[in-house]
Amino acid sequence: MSYQQVKFYQTGTFTIGNRLLDEHNQTIQSQRDRTNSLNSGHRACQGCGEALGARYAVDAAMRAANKNLVAVNATGCLEVFSSPYPESAWQIPWMHSLFGNAPAVASGVAAAMRAKGKKETRVIAQGGDGATVDIGFGCLSGMFERNDDVLYICYDNEAYMNTGVQRSGSTPARAWTNTTQAVGTEPGNPSGIGKNLPAIAMAHHIPYVATASVADLHDLEAKVTKAMGFHGARYIHVHVPCPLGWKSDPALTIKVARMAVESGLYPLYEAEHGSVIDRTPIRRKVPVERYLELQGRFKHLFSDPPDVAGIAAIQAIADANIRRYGLVDQEVQGGT
Amino acid sequence: MKQQIEGSQAVAKTVALCHPEVAACYPISPQTHIVETLSRLVKAGEVGSCQFLNVESEFGALSVLIGASAAGARTYTATTSQGLLFMAEAVYNAAGLGLPIVMTIANRAVGAPINIWNDHSDSMAMRDAGWMQLFAEDNQGAVDLHVQAFRLAEELSCPVMVCMDGYILTHAVEAVDLLTQENVDAFLPPYDPVQLLDPSDPVSIGSMVGPDAFMEVRYLAHHKHLQALEAIPRIQKEFHQQFGRASGGLLESYKTEGAETIVVALGSVNGTIKDAVDDLRAEGLAVGAVKIVSYRPFPKYQLRQALGHAKRVIVVEKDLSVGKGGILSSEVKMAMRHLPVMVETVIAGLGGRAIPKASIVRVVHEALSEEGLEEPHFLDLNWDVINAELVRQQAKRRSGPTAENILREVGTLGVKAG
Amino acid sequence: MERKPFAITLDPSSSLANHTGNWRTMRPEYADHLPPCNHACPAGENIQAWLYEAEEGKYHEAWLKIMEDNPFPAIHGRVCYHPCQDACNRGQLDEAVNIHAVERFLGDLATKHNWKVELGAPTGKRVLIVGAGPSGLSAAYHLARFGHQVIIYEAGPNTGGMLRFGIPKYRLPRERLDAEIARIEDMGVMIRLNQKVEDLQATIESEKFDAVFLAIGAHLSKRVEVPGRDAGRILDALSFLEKMDSGTPPKIGRRVAVYGGGNTALDVARTAKRLGAEEALIIYRRDREHMPAHDFEVQEALEEGILVRWLRTIKQIDDTTFTVEEMALDEDGKPQPTGRFETLEADSLVLALGQEVDTSFLRNVPELEISPDGVIQVDHRMMTGCPGVFAGGDMVPAERTVTVATGHGKKAARHIDAYLRGAEFAKPASHAIASFARLNTWYYTDADQSQQPQIGIAKRQVSFDEVVGGLTEETALLEARRCLSCGTCFGCDNCYGVCPDNAVIKLGPGKGYAINYDFCKGCGLCAEECPCGAIDMVKERK
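Residue numbers (this note's numbering), protein chains in the order written: chain X, 177 to 512; chain F, 5 to 422; chain G, 36 to 577.
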């Protein structure tokens with residue numbers, strides 16, 4: 177883990193803030209002077225995990241960059257709900273170009289800053305899973321292999337949500353979407369397909385790759401802060417539940433994300449130059465059912481009779497993650 | 005001072021003199037020598053702090069420039085044909101955002117079938133995107149237009165394509181007067197953006213605009229081009245003052261005084277056309293030529309001035325709107341609205357087919373004859389090959405790919421003699 | 036930058052014009068809920084509030100908080116049966132917060148540093164308190180803080196009541212007791228010992244008291260007839276324990292039998308052991324499950340070697356031979372004779388069968404209602420049928436514990452104060468209880484309950500040293516920090532952090548938060564992620 181967990185302060189470092197913590201252990205989100213990079217008045221759905229994740233990540237990047245930061249955004253929910261004319265919710269310099277080119281546009285901004293000798297101005301690029309894993313993949317890979325000085329943050333809600341919930345290369349096995357509906361012999365998204373972007377990022381041997389979740393703010397902030405300490409291409413993959421597309425209760429967005437982490441389905445780890453160097457252990461392990469049952473997109477697994485084999489297959493994924501990353505009281509096992 | 009130099013290299017050296025700050029390039033024939041030369045100049049430290057990025061695709065290339073330009077950098081790239089289409093989304097995006105990017109288009113045909121030789125189908129495909137499109141007749145023109153392009157683009161916050169015929173110009177070694185850094189610096193001020201990604205003064209660029217304001221935004225983009233119709237001649241004048249050459253401008257007339265027939269074209273074919281006009285004048289025919297330099301903005305009124313007195317205008321264009329015919333000719337026709345001028349369409353030079361002077365002369369004679377020209381007229385089309393293929397297609401449904409059949413028919417990859 | 040392209044480029048935070056608050060169907064409201072510990076405390080302490088102070092190391096502030104309701108933290112921290120801990124929500128997570136241990140720590144710290152409380156301006160009113168037990172002393176304390184002049188008449192030779200005469204030293208060291216009583220005396224409360232009130236009416240009139248609080252306790256032992264034994268060898272528990280304090284311990288012989296199953300019976304048996312009895316045997320008519328004594332005290336007693344004969348009643352005593360009958364519990368839990376008998380040997384018998392109130396001195400008080408079982412009836416103001424005469428503690432109908440008595444003292448004092456001003460005291464309405472279901476327990480750190488040290492068995496059997504020790508400061512601090520702050524915002528910033536719409540305003544250190552209803556979409560994340568359940572989601576009103 178990037179940060180030192182503090183115990184015995186009632187809530188230690190589990191809550192956003194804690195009046196008993198020293199300043200260096202306090203989160204950026206707990207500060208009254210946090211940037212609020214994504215301000216109020218945006219049109220995200222109630223309980224939007226991406227809106228939350230974006231503020232978390234960008235505020236942390238702003239702090240690390242001493243407010244000297246430019247953000248490039250791909251087309252998608254985050255861009256659409258934050259910048260409909262005449263209202264922009266962004267407090268920072270921000271640009272939206274196209275769906276598939278955010279990494280390239282960011283590379284361009286970084287190149288411009290270099291050309292102008294503005295060494296202190298840092299650049300982040302952000303996009304959803306569709307923009308990152310599918311349509312923007314070529315540009316992302318190019319940015320990685322050139323080692324352009326950009327931190328790319330992917331907010332993964334596991335489908336094309338802004339266009340009405342369609343399958344992306346990040347949609348998990350057996351999940352309902354409008355283009356992988358819960359009908360036929362294999363309801364939901366087929367298993368055995370899809371991309372593991374963090375692993376692909378690691379294969380480019382860029383300085384820093386990490387996975388994070390809106391359920392663990394301390395972890396996310398620490399990773400963004402750490403990433404900003406590097407120069408070169410960096411990648412952070414943030415898990416963000418979407419109440420609309422996942423058919424979950426908006427009030428449970430953080431709980432759903434927490435269950436994903438605590439079940440092992442969404443492992444939290446960091447890698448440098450292609451090798452995993454650390455992971456955030458699971459605190460209270462739960463079976464995958466605790467995660468799946470909160471979401472209507474997995475409802476068909478719990479029909480009558482329940483899809484025992486399907487759930488078991490998902491549990492197997494979680495168990496494999498736990499083994500590979502040593503998520504439960506173990507040393508990290510695999511390198512990549 | 006003039007020197008014998010390949011067109012591509014002349015352009016690259018000229019662009020370098022313009023102090024680009026970010027260049028992002030993806031190689032594609034026939035643009036390669038431009039980007040190779042520029043990359044060498046940058047790497048050798050001759051272009052200041054310019055950042056040269058070797059990107060993963062043309063879409064990436066223009067996207068990099070979109071970011072760089074929004075961050076206040078002067079930006080440049082070059083592409084053609086397939087590459088231009090691959091970055092099509094970004095082409096519209098750059099114009100829509102009003103970013104003064106300058107891009108060389110080494111005009112080349114667009115497949116399928118794949119063809120690396122010159123025609124104008126690539127830049128024609130992007131004519132409505134909002135970029136200004138300036139066409140060079142020769143390599144001197146190409147050099148001069150690039151400098152003017154940066155000036156024009158930045159003054160109006162609108163991207164500019166400088167179009168030069170692939171291979172014909174890019175790979176031709178001609179005498180070119182390369183500009184001096186001093187003169188370029190006197191002519192081209194530093195880039196002063198109308199919008200900037202700046203942490204000290206944040207803005208959000210690229211919002212979503214709905215029905216309530218989109219038409220207005222699009223009109224304003226169009227308006228920039230209307231302003232350019234004034235700016236281009238002005239910049240031409242200033243360029244003349246600085247460099248001693250009347251390069252650029254909206255269009256150029258050749259022997260159109262008293263001409264009853266005027267031939268209109270874009271690009272390098274104008275050289276051949278002027279030679280043909282000389283021959284035709286020598287025959288006693290009242291023929292002239294107009295070279296359009298600024299295709300976008302389209303110089304409607306200036307064309308009307310230049311062509312309005314003629315009886316007949318023959319538009320020779322290296323492009324084809326499949327299913328319709330000419331593109332430029334329709335626009336010229338529109339410019340002649342309500343005037344009694346006949347506008348003929350001659351589709352020529354597709355995929356690099358040569359346009360010999362004799363063919364121009366002949367087509368003018370045909371236009372002036374009793375039968376006249378079909379609409380559109382395909383210059384030097386091999387009807388035997390066409391007819392043989394049509395018969396084949398009638399006889400057998402799965403008769404094989406058209407292109408391959410034709411190639412077999414013509415024997416080798418030969419261009420019809422001319 | 037005036038040249039920004041129309042519509043394509045926007046100013047930062049121009050979205051603030053879009054009041055997304057109009058999306059709401061539910062709205063969050065900060066609503067403190069009643070911590071179950073507070074609710075359960077008979078002394079009405081605001082436990083969550085003083086733990087909050089203690090968490091920050093503000094022990095003085097924490098102690099002052101306790102003192103608002105209870106003048107005896109060092110005492111209660113030792114003798115209270117802590118119903119707060121039974122109610123503590125943490126008990127459903129791992130183990131209850133060791134509240135009484137922290138309270139004891141604070142009380143002892145206050146004694147050590149000689150901390151004092153502020154008094155109100157003198158009112159000139161005079162209040163008589165009859166009885167210097169916990170109830171009377173508590174009332175005296177609160178009345179003195181209100182600024183009234185208080186005089187306590189205590190019939191016995193010393194203060195403390197059951198605290199001194201009923202609870203053994205090994206549970207409540209006398210210097211601890213004396214220190215907290217001394218603080219009350221230092222506040223100007225006059226205590227007259229050996230001062231029995233014979234006629235209350237007369238005393239009120241002659242000494243011109245404006246109000247009276249009766250708190251004489253129930254110090255008469257219930258007796259039962261046991262055939263065969265002469266009265267001299269049978270002691271009652273209260274006399275036995277009283278003698279312990281006088282310095283002349285009673286003679287009990289080698290083997291002591293104690294008849295009864297309450298805490299007093301256990302105190303007697305454990306005291307007997309310490310006095311040197313080889314055998315201390317409790318005879319009780321029901322079983323351990325039905326025994327009224329608190330289980331931890333039974334546990335401590337058994338550890339010390341106290342023997343217990345469950346389900347037995349004494350039929351007859353011949354010298355040292357006790358004939359006891361085996362009982363069986365019927366379906367109502369009542370013991371029924373089985374007809375089977377056995378004998379036990381013991382040198383003395385102590386009866387610990389319950390206590391009664393001595394109401395003789397109240398004969399002349401008009402309209403006082405005394406129940407058949409000897410307790411005085413009081414209304415919600417702790418006032419008897421006689422105006423201006425209040426009562427509390429063991430002498431009124433209630434559970435008989437020190438804490439209840441202390442609570443009565445406070446309650447009565449408040450109503451007496453109102454009565455003296457010619458006003459009514461209305462207790463503010465309570466919030467709804469902060470149930471466990473409202474908490475989001477994931478956020479709390481894992482921490483086992485801190486345990487107090489105990490002296491070894493061997494030492495316990497031969498000395499009257501305090502059995503249970505106190506927590507160190509570090510441990511007390513840690514323990515205080517185990518509090519979940521149920522239903523009461525403790526400034527964790529979760530709501531401020533988890534709102535995707537940045538619609539929670541952080542007001543400043545110690546000032547809490549406010550919802551920005553212009554932008555709140557009512558998603559409910561704040562309420563869900565509030566660890567202590569201090570946010571309600573209510574229907575939006577249109």
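There may be inaccurate statements among the hints.
Taking lysine-lysine and the DSSO-like style, the derived pairs with C-alpha atoms no more than 27 angstroms apart in a straight line are [unchecked claim]:
no., chain 1, residue 1, chain 2, residue 2
1, G, Lys39, X, Lys243
2, X, Lys292, G, Lys39
3, F, Lys47, X, Lys294
4, X, Lys371, X, Lys294
5, F, Lys6, F, Lys337
Taking CB as the label site, the calculated pair distances span [claimed, not checked]:
no., chain 1, residue 1, chain 2, residue 2, range
6, X, Thr361, F, Arg401, 53 to 59 angstroms
7, F, Ser204, G, Lys147, 33 to 39 angstroms
8, F, Ser204, X, Arg208, 53 to 59 angstroms
9, X, Lys183, G, Ala433, 53 to 59 angstroms
10, F, Ala217, X, Arg208, 46 to 52 angstroms
11, F, Pro405, X, His449, 46 to 52 angstroms
12, X, Thr361, G, Leu51, 36 to 42 angstroms
13, G, Ala464, F, Ser204, 40 to 46 angstroms
14, X, Arg208, F, Arg222, 50 to 56 angstroms
15, G, Arg576, F, Gln231, 53 to 59 angstroms
16, X, Arg208, G, Ala464, 30 to 36 angstroms
17, X, His449, F, Glu408, 46 to 52 angstroms
18, F, Gln231, G, Leu51, 54 to 60 angstroms
Rather than coming from a laboratory, the hints here were simulated on the basis of the structure.
In this text, a Cβ means the ideal position worked out from N, Cα and C, and glycines have one as well.
Inset, instruction - For histidine 449 of chain X and glutamate 408 of chain F, compare the CB-CB distance with the range 46 to 52 angstroms and indicate the outcome. - result: The hint (46 to 52 angstroms, Cβ to Cβ) holds, given that histidine 449 of chain X and glutamate 408 of chain F are roughly 49 angstroms apart.
Inset, instruction - Take a quick look at whether lysine 47 of chain F and lysine 294 of chain X sit within 27 angstroms of each other, Cα to Cα. - result: The hint holds at about 20 angstroms.
Inset, instruction - Confirm or reject the claim that serine 204 of chain F and arginine 208 of chain X have a C-beta distance inside 53 to 59 angstroms. - result: Given about 22 angstroms between the Cβ atoms, the range is violated.
Legend entry - leucine 51 of chain G and glutamine 231 of chain F - C-beta distance against the hinted 54 to 60 angstroms: violated, 34 angstroms
Inset, instruction - Decide if the proposed pair is consistent with the structure: lysine 292 of chain X and lysine 39 of chain G, CA atoms, cutoff 27 angstroms inclusive. - result: Status holds; Cα separation ~22 angstroms.
Inset, instruction - Starting from the hint 30 to 36 angstroms, judge whether the C-beta atoms of arginine 208 of chain X and alanine 464 of chain G obey it. - result: Between arginine 208 of chain X and alanine 464 of chain G, where Cβ atoms are some 33 angstroms apart, the hint holds.
Legend entry - Cβ separation of lysine 183 of chain X and alanine 433 of chain G, checked against the hinted range 53 to 59 angstroms: Roughly 42 angstroms apart at Cβ, these two residues miss the hinted range, so it is violated.
Legend entry - Given pair status - lysine 337 of chain F, lysine 6 of chain F, alpha carbons within 27 angstroms: violated, 39 angstroms
Inset, instruction - Evaluate the given range 46 to 52 angstroms for the C-beta pair formed by alanine 217 of chain F and arginine 208 of chain X. - result: violated, 36 angstroms
Legend entry - Restraint check for lysine 371 of chain X with lysine 294 of chain X, where alpha carbons must lie at most 27 angstroms apart: violated, 36 angstroms
Legend entry - Range hint 33 to 39 angstroms (beta carbons of serine 204 of chain F and lysine 147 of chain G) holds or violated: violated, 58 angstroms
Inset, instruction - Mind checking the hinted window 36 to 42 angstroms against the Cβ distance between threonine 361 of chain X and leucine 51 of chain G? - result: Roughly 51 angstroms apart at Cβ, these two residues miss the hinted range, so it is violated.
Going down the numbered hints, you'll see the structure goes against 4, 5, 6, 7, 8, 9, 10, 12, 13, 14 and 18, while the others check out.
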